[in-house]
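**Student:** Next come the chains, spelled out residue by residue.
There are 2 protein chains.
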Amino acid sequence: MALISEHIEGDTRDRILEVAERLFRQIGYQKTTVGDIAKELRMSPANVYRFFESKKAIHQSVARSLMGEVELEAQRIVARPGPVLARFRELLTTIHRMNTERYVGDNKLHEMVEIAMQEDWEVCVAHMELITTAIGQMIAQGVASGEFEAPDLQLASMCACTAMMRFFHPQMIAQCATKPGPTIDQMIDFVIAGLSPRH
Amino acid sequence: MALISEHIEGDTRDRILEVAERLFRQIGYQKTTVGDIAKELRMSPANVYRFFESKKAIHQSVARSLMGEVELEAQRIVARPGPVLARFRELLTTIHRMNTERYVGDNKLHEMVEIAMQEDWEVCVAHMELITTAIGQMIAQGVASGEFEAPDLQLASMCACTAMMRFFHPQMIAQCATKPGPTIDQMIDFVIAGLSPRH
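Taken in order, these protein sequences are the chains called A and B. Position 111 of the first sequence, counting from 1, maps to 111 under the UniProt record's numbering, and the rest follow consecutively. Position 120 of the second sequence, counting from 1, maps to 120 under the UniProt record's numbering, and the rest follow consecutively.
Because the hints were derived from the structure by calculation, they are not lab data. It should be emphasised that the depicted structure is a prediction, and the values quoted were computed from it without experimental measurement. Check before you lean on any hint, since a few could be wrong.
Since copy identity is lost for identical chains, a pair holds within one copy or between any two.
[Stated by the list, open to error] Think about it this way: if two alpha-carbon atoms lie no more than 27 Å apart in a straight line, the pair counts; the simulated DSSO-like pairs of lysine-lysine are: (1) Lys-179 to Lys-55; (2) Lys-179 to Lys-108; (3) Lys-56 to Lys-179; (4) Lys-39 to Lys-56; (5) Lys-108 to Lys-31; (6) Lys-55 to Lys-39.
Construct the complete structure from the given sequences, taking the supplied hints into account.
**Tutor:** Written out as structure tokens, the structure is:
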């Protein structure tokens, strides 16, 4: 019985997050109330509060889940076999594409990003660390295969990640989309040059 | 006579900009009115409007002047003789330092930056192009001296500039100041590695 009820509870939690994400996307984080989320699910706001103590807690979970998908995809590319350079390029391109899909354009999730960066920095920092770690693992594979040279792996991955800010950071993606600058492929070439063996 | 009156007019224009910059710094762009600026100068708002048609026009001129100082300093470093690597590092560090002094911290000029990026993108783009050009000239000197390798100069300078976004972009400087990441010296090393000859 405990297992079944835990299962149902988990299920309700997931449904709340799913509806919350949809509403954040459609009408924006600020305008969505816990009442709206409850109404869509045909439950009472009190029931939503049994699972999340506040709208902020819902926001955190939705943000974690959106970021988690990017992390998972990054780890999948890192774990796959094959030449490093091609996968390194795929990794950086995938992070850019997924962040663009998630936070830029018509949908209103960018409001969530701004709030996360004002109020939930820990969630963002944890995400950036996971992404930097995935990039670091990829660089380590390149060092092992002789495709890269990086005496300090952690530093190399931080620099590679920082160099890609225009293409990774939701606010920068939105701001720079129509501004002069390198294409993502050109930028990745530059990062690869910075990691290439000297001789 | 024409010369003297032009001189006085230019002088008044400069004084308006000087006071406007001080007020933008102290009380913020939004809260400063043309009336405040006129009052400080003991002139009528109508007289200010003889020189600038709107507060936005004053904003543009203050922004141009603040950005112009950075451009001038950048060009000074580019024009100076001496080994390229040291001056390249000085150039990138100076842009970072001057942008930090101007737009980050206690003073309220960052409000001006946000407005400039929402409303006056042309002013910002022109500035970024001038900074990118200065970096490109420095890279060209490095190619000539054999310190750098860059088949496409314009592309190399755009990539170097983009890689430094965390340290150049006022919003990113403010946002990243307390976040994990490379130091500016480490980042410059990475950029230099990307520009270094392959063999």
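**Student:** Could you run down the list of hints and mark each one as holding or not?
**Tutor:** Hints versus structure:
1. Lys-179 to Lys-55: between (35 Å within a copy, 26 Å between copies)
2. Lys-179 to Lys-108: both (22 Å within a copy, 26 Å between copies)
3. Lys-56 to Lys-179: Between copies, since 22 Å is at most 27 Å while 34 Å is not.
4. Lys-39 to Lys-56: Cα proximity of Lys-39 and Lys-56: one copy only (18 Å, versus 45 Å across).
5. Lys-108 to Lys-31: within (11 Å within a copy, 29 Å between copies)
6. Lys-55 to Lys-39: Within one copy only: 15 Å inside a chain, 47 Å across chains, cut-off 27 Å.
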